[in-house]
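J.: Hints in hand, dock the two standalone chains.
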Amino acid sequence: MKLKNFVNIMKNPREYFQKNKYKNSDTSDLVINAQSGDNLAMDELIRRYESYIYMRLYQLDPQNENIKDLMQDVMLRVARSLKSLKNPKRFQSWLSQIITNIFFDELRKKRRKMNTVSIDSFFSEEEENSKNEKELECPKDSPDKCSEASEMKRIIRRAISELEEPYRAAIVLRELQGFSYDEIANATGASVGTVKSRIARARQKLQTKLKDYLQ
Amino acid sequence: MNTECEYIQSRMHEYFDDELDYEMSLRIKKHLEHCSECREIYEKISKLSNLIKQSFNSSSESISL
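In order, the protein sequence lines correspond to chains A and B. Following our numbering, the numbering of the first sequence begins with 10 at its first residue and continues without gaps. Following our numbering, the numbering of the second sequence begins with 1128 at its first residue and continues without gaps.
Chain B with its partners taken away, still in its complex shape (with noise of 0.2 Å):
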């Protein structure tokens, strides 16, 4: 793993929250488009994101007052 990739991964959860500026966002972008394991590192980040929603989802549904 390189300096950048090390740089790229401190800042991933803010990135996948939305939480950094343009600029930053566009150079983790583009640093996603051809590092397959940073990449690897995002899609976990983001099925972890989808996990957790869809099991309170559909939880929600059914909690009655």
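Chain A on its own, in the form it takes in the complex (with noise of 0.2 Å):
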């Protein structure tokens, strides 16, 4: 045993065997546990998958400045609505989609708010002001001579955030987030035909968009 944890135990050991009394059950106990009340399995839940649920939100649009408040929200429906969740061993795509349909919720209040929303930019301002000089360094007819991997993944982002939304929306939820044709229907509010037409046109957009990263 690490002395740190010697010492935390004689602290409050109480205290500390309740914090760590799930810190190494997997996730469908944890579901079970929290499913039957249980605090400390809930508040493990939400702990080991905060970052997954901020990741998720990022990737559909980095600059929403309400990630924070999402995942609040998210966290309070997980919280509210796990007892419905059937099969434990599904708690990762069960809260996948908890996520979208908060953000789409969220996405449509806003709609309604104001005629148009925009969250088509993945930078910030500093980030685009670079952006020109950051080319230069990385000519489009010679990719490998960018001296960084970092910087290619830079560009894949970019030309993701330059998408219109609902294309950038159903190429990240199929591409990141792995739904089906029929889950992002179901989180988009579009048909399954439009889901197939958005997708097909996104990578037509990003392959042009691409080429030289695709030859």
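Among these hints, one or two may not hold up.
For lysine-lysine, the following DSBU-like pairs were computed, each having C-alpha atoms within a straight-line distance of at most 30 Å [said to hold, decoys possible]:
1) A:Lys30 <-> A:Lys95
2) B:Lys1180 <-> A:Lys98
3) B:Lys1171 <-> A:Lys220
4) A:Lys214 <-> B:Lys1180
5) B:Lys1174 <-> A:Lys218
6) A:Lys205 <-> B:Lys1156
Sample of chain B residues at the chain A side, in silico, Cβ under 7 Å [what the hints assert, rightly or not]:
7) His1140
8) Glu1146
9) Lys1171
10) Lys1174
11) Leu1175
12) Ser1176
13) Leu1178
14) Ile1179
15) Ser1182
16) Phe1183
Everything labelled a hint here was simulated from the structure, so no lab data went into it. By construction, the Cβ of each residue, glycine as well, lies at the ideal position given by its N, Cα and C atoms.
T.: Pasting the structure below:
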């Protein structure tokens, strides 16, 4: 046992054991215990998936200033409706669906408030200002000259960010969140046929923008 | 490009995304075995998919709250 752990146990044994009760439990066990009303299991579940929730919301819209509010909404919904999850092994995909639903609910609310809403910018003003300079360092016709892989990743992320919102949402949900066409249709309120064409169109647009990287 | 290629290419994204039934998937799979033009299109979709995943996988590691 590490000295630090030993000191913590001696300081407040009850609190230490409570905090660590579920530290090594797998997600299914946490879900089952949380469903039967164990708050410690629920806390551990939320703690374990906090970064995941943030990452999913960030992928959908990196410029969203309300990500932390949306995270709270997601956590609240998880706590309120966890009992409805029938198969604990499917917790992550269930959570992913909640994240997407909350994101699009928020988007629809914003659209109602303002006739248009822009979620098209992936980059901060600072990044945008340095964009041209960085592009000079990485010529389009010779991507192999990019000194760092991170530069290429930045260019790919920017290409995605420049897609119009319906296309970006479709491709992000498909490629990064692994949603089926049906699930994307449910989340975005579009028909499956529309989802199909949005995904195809999004890929065509990205293939044009990123043709130097797809040789 | 013949009509079979046209049809196959119209379903290529669904095939890549595993959205087709078994019979249709098999038809496309067999076609890709002998048609280099359609196979090239499939490979481009696959490469793009990998690029997208890679571009976010590493960045997500650096996302902090």
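J.: Hints first: check each against the structure and report whether it holds.
T.: Okay, the hints, checked on the actual structure:
{"no.": "1", "hint": "A:Lys30 <-> A:Lys95", "result": "holds (24 Å)"}
{"no.": "2", "hint": "B:Lys1180 <-> A:Lys98", "result": "holds (24 Å)"}
{"no.": "3", "hint": "B:Lys1171 <-> A:Lys220", "result": "holds (9 Å)"}
{"no.": "4", "hint": "A:Lys214 <-> B:Lys1180", "result": "holds (17 Å)"}
{"no.": "5", "hint": "B:Lys1174 <-> A:Lys218", "result": "holds (14 Å)"}
{"no.": "6", "hint": "A:Lys205 <-> B:Lys1156", "result": "holds (20 Å)"}
{"no.": "7", "hint": "His1140", "result": "holds (5 Å)"}
{"no.": "8", "hint": "Glu1146", "result": "holds (5 Å)"}
{"no.": "9", "hint": "Lys1171", "result": "holds (6 Å)"}
{"no.": "10", "hint": "Lys1174", "result": "holds (5 Å)"}
{"no.": "11", "hint": "Leu1175", "result": "holds (6 Å)"}
{"no.": "12", "hint": "Ser1176", "result": "holds (6 Å)"}
{"no.": "13", "hint": "Leu1178", "result": "holds (5 Å)"}
{"no.": "14", "hint": "Ile1179", "result": "holds (5 Å)"}
{"no.": "15", "hint": "Ser1182", "result": "holds (4 Å)"}
{"no.": "16", "hint": "Phe1183", "result": "holds (6 Å)"}
Hint compliance for this structure: every hint is met.
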